[in-house]
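Those protein sequences? They're chains C and X, same order as listed. Under my numbering, think of the first position of the first sequence as 1, with each following residue one higher. Under my numbering, think of the first position of the second sequence as 1001, with each following residue one higher.
Bear in mind the hints are in silico, worked out from the structure with no lab data behind them. Treat the hints loosely; a few may be bogus.
Straight-line alpha carbon distances no greater than 27 Å define the calculated DSSO-like cross-link-like pairs of lysine-lysine that follow [what the hints assert, rightly or not]:
no.	chain 1	residue 1	chain 2	residue 2
1	X	Lys1056	C	Lys83
2	C	Lys71	C	Lys44
3	X	Lys1097	X	Lys1069
4	X	Lys1069	C	Lys78
5	X	Lys1070	X	Lys1026
6	X	Lys1070	C	Lys71
7	X	Lys1056	X	Lys1069
8	X	Lys1097	C	Lys62
9	C	Lys83	C	Lys44
10	X	Lys1056	C	Lys11
11	C	Lys62	C	Lys11
12	C	Lys44	X	Lys1070
13	X	Lys1070	C	Lys83
14	C	Lys15	C	Lys62
15	C	Lys44	C	Lys62
16	C	Lys11	C	Lys44
17	X	Lys1056	X	Lys1097
18	C	Lys71	C	Lys15
19	C	Lys15	C	Lys83
20	C	Lys62	C	Lys78
21	C	Lys11	C	Lys78
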Amino acid sequence: EAGVAQSPRYKIIEKRQSVAFWCNPISGHATLYWYQQILGQGPKLLIQFQNNGVVDDSQLPKDRFSAERLKGVDSTLKIQPAKLEDSAVYLCASSSDGSNTGELFFGEGSRLTVL
Amino acid sequence: SQQGEEDPQALSIQEGENATMNCSYKTSINNLQWYRQNSGRGLVHLILIRSNEREKHSGRLRVTLDTSKKSSSLLITASRAADTASYFCATDAVDYKLSFGAGTTVTVRA
């Protein structure tokens, strides 16, 4: 079974530029999550999708971050304009259980460096 | 704010020794999960323990949960070099939001 796919693995941009990350979850997983992990910290939930609907985006900085999950499969996370403090690893995860009580399957992450 | 906090922040042990790390949380939970993250990689699920369970085993892993103390422990027995990683606890509280702690970094010396 293929795992969660993310791209790009690494991205370096200047502040105020834009960047987009892509995620393809495990086939059949209805729930998709985007987490931000700053160096030395645990993952922090940015947004959760159930199929193509948003379940929770309370911690998403909506003035600069946006995410979509068209057709309830792939998802993209965009940052525009980027700030220095956005330097982090962006992790995508999926689960077959939408209740947040089950196992999450994570991708390898996309490491963003903002200069 | 993070619901769970791991202790210690870092742990260095000799290969073959046991590693124990703890997770404390603030509010009542439905279940608690432990994840492992190797350097530069994503998180991998290790074990889930429900609020009505007190102990669970999986291979060389043993997890305990004490809901009265709002704490959990993860024991890795007979550690190997491949166990070098960061370990995170994740709790889902009454609002069912999964919250991760800051992690314990474990280094296993050969």
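Verification of the hints:
1. Lys1056/X - Lys83/C: Violated: Lys1056/X and Lys83/C sit about 43 Å apart, past 27 Å.
2. Lys71/C - Lys44/C: holds (25 Å)
3. Lys1097/X - Lys1069/X: holds (21 Å)
4. Lys1069/X - Lys78/C: violated (41 Å)
5. Lys1070/X - Lys1026/X: Roughly 7 Å separates the two Cα atoms, so the pair holds.
6. Lys1070/X - Lys71/C: violated (40 Å)
7. Lys1056/X - Lys1069/X: holds (17 Å)
8. Lys1097/X - Lys62/C: Since the Cα atoms of Lys1097/X and Lys62/C sit roughly 19 Å apart, the hinted pair holds (cutoff 27 Å).
9. Lys83/C - Lys44/C: Answer holds: Lys83/C to Lys44/C is near 17 Å, not above 27 Å.
10. Lys1056/X - Lys11/C: Violated, because 40 Å separates the two Cα atoms, which is more than 27 Å.
11. Lys62/C - Lys11/C: holds (21 Å)
12. Lys44/C - Lys1070/X: holds (21 Å)
13. Lys1070/X - Lys83/C: Violated, at about 37 Å.
14. Lys15/C - Lys62/C: Roughly 17 Å separates the two Cα atoms, so the pair holds.
15. Lys44/C - Lys62/C: holds (15 Å)
16. Lys11/C - Lys44/C: The hint holds at about 20 Å.
17. Lys1056/X - Lys1097/X: holds (23 Å)
18. Lys71/C - Lys15/C: With Cα atoms ~31 Å apart, Lys71/C and Lys15/C exceed 27 Å; violated.
19. Lys15/C - Lys83/C: holds (5 Å)
20. Lys62/C - Lys78/C: holds (10 Å)
21. Lys11/C - Lys78/C: holds (13 Å)
In this structure, the earlier hints numbered 1, 4, 6, 10, 13, 18 are contradicted, and the remaining ones agree with it.
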